[in-house]
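Under UniProt numbering, think of the first position of the sequence shown as 1, with each following residue one higher.
Hints are computed from structural coordinates only; laboratory data are not their basis. Keep in mind that a hint or two might mislead.
Unchecked claim - Below, a list of computed lysine to aspartate or glutamate pairs in the DMTMM-like style, where the Cα atoms sit at most 25 Å apart:
id	residue 1	residue 2
1	K200	D239
2	K97	E197
3	K194	E169
4	K194	D219
5	K77	E111
6	K77	E198
7	K342	E232
Computed from a predicted structure; not experimentally measured.
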Amino acid sequence: MSSGIPFRDDPVQRFLYSHDISSPPIISRFFRLADGVFQPESEDQVLEILELARRERRPVIPRGAATSGYGGVIPVKGGYVVDFTRMDGFEVDEDRKVLIAEPGAVWWEVEERINRLGLSLRVYPTSAPSSTVGGWIAQGGYGVGSLRYGSIGDNVERLRVADFSGIRETEEVGYYVGMEGTTGIITRAWVRLKELEEMKYYAFHVSPEKAVKLVYSGDHYSALYLDKSYVEMKNRVFDHQIPEKDTLVIATSERLDGDDSLGEEIWESRFYPMKIKRLGPGIVPAEVVVGRDVLPEYLKGLSGTGMGSEVWFSRNECSVLSFLPQDERRFSYALAWRLSMKALKLAKRLGGRSYSSGLYLSKESRRLLENYEELLRFKREVDPHNLLNPGKVFPSGIIPWLMRVAEVFA
1 MSSGIPFRDD
11 PVQRFLYSHD
21 ISSPPIISRF
31 FRLADGVFQP
41 ESEDQVLEIL
51 ELARRERRPV
61 IPRGAATSGY
71 GGVIPVKGGY
81 VVDFTRMDGF
91 EVDEDRKVLI
101 AEPGAVWWEV
111 EERINRLGLS
121 LRVYPTSAPS
131 STVGGWIAQG
141 GYGVGSLRYG
151 SIGDNVERLR
161 VADFSGIRET
171 EEVGYYVGME
181 GTTGIITRAW
191 VRLKELEEMK
201 YYAFHVSPEK
211 AVKLVYSGDH
221 YSALYLDKSY
231 VEMKNRVFDH
241 QIPEKDTLVI
251 ATSERLDGDD
261 SLGEEIWESR
271 FYPMKIKRLG
281 PGIVPAEVVV
291 GRDVLPEYLK
301 GLSGTGMGSE
311 VWFSRNECSV
321 LSFLPQDERR
331 FSYALAWRLS
341 MKALKLAKRL
351 GGRSYSSGLY
361 LSKESRRLLE
371 NYEELLRFKR
381 EVDPHNLLNP
391 GKVFPSGIIP
401 WLMRVAEVFA
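Hey, can you work out the whole structure from these sequences and the hints?
Structure (structure tokens):
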């Protein structure tokens, strides 16, 4: 192994890199600490790390900013965490409107720079100020802009990926988007951009049924819906004075009959919904995807639970992130987590699914991935010893069993 690759194996760093923003009860007892943390600066160094892991039969866990709460970056079986902080370069093909980025590039830093070129990201996550390009692509899902442009996977043109055979460059991105690094480690991504538009943000105090009609009434860029409970939580966390009512915000270049002053205020606080955690300290989260036609029924099913919900709209579906503030230091925190599983059961009954799988919901992968068996075959082909982020997406070990039991008793 080259001595030029930054590496840490002191106890503090191993502990810090063995967690993400989530704090599920009980399950964390089954985690192991990382054996060490690499911070590669080039693709060649990534290949060196993979070769070392292959020789030593140690897992390799790629890590972006760890802003997801699905356990995707947790070294549940130990191994080397690969932190891509130092691989953060990017460039823009202005003629083709394409971003070419290393995995550690931060979405909002990209957005601010390309805005000066008259360009903008089509989609970005609500954790964009710190979330990385490689991290969100590996996680998959919807975000800001998905109403018009779909998921992040719909906007990835090409990927370069490292595995134990070397480097692959491919336009068949479905083998890697949303796969949490289990089929290969993303080292470069080509992401489609759009021209920078002048946007207005309009707020409407409407029911979920009316919100759905308004959102899909025109060619709007993005839209989010906050229920009354969630607005109340945001007011407490961000010290806002937003009217505590069910509220829709539409980002559009069209002129609408809504409150643009309130809309802009809410839009400016769209980042980091997980800050609600400050109210606990801790939260019981639930994140699902449901069809737009059943969104009102899903939200109605959560009424009375104390959860507040934020909804981001995509072309035909809605991603719903719900929270119940809880003190994670109390015994009641573990009991309250039943609500998360109840929300998932409700979504599935309505034809929906979990937002992602990661570690905690790897048991949901067959429902999430239409070509699950093909992906499993590909995983075994490129990673015969199951060293690429084991335990994620493809369920193994005790954690999927524990989550199944939790859902049964929810």
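Hint-by-hint comparison with the structure:
1. K200 / D239: holds (23 Å)
2. K97 / E197: holds (14 Å)
3. K194 / E169: holds (23 Å)
4. K194 / D219: At roughly 15 Å apart (the allowed maximum being 25 Å), D219 and K194 satisfy the hint.
5. K77 / E111: violated (36 Å)
6. K77 / E198: Violated. K77 to E198 sits at ~48 Å, over the 25 Å cutoff.
7. K342 / E232: The hint holds at about 23 Å.
The structure is inconsistent with the numbered hints 5 and 6, although it conforms to all the rest.
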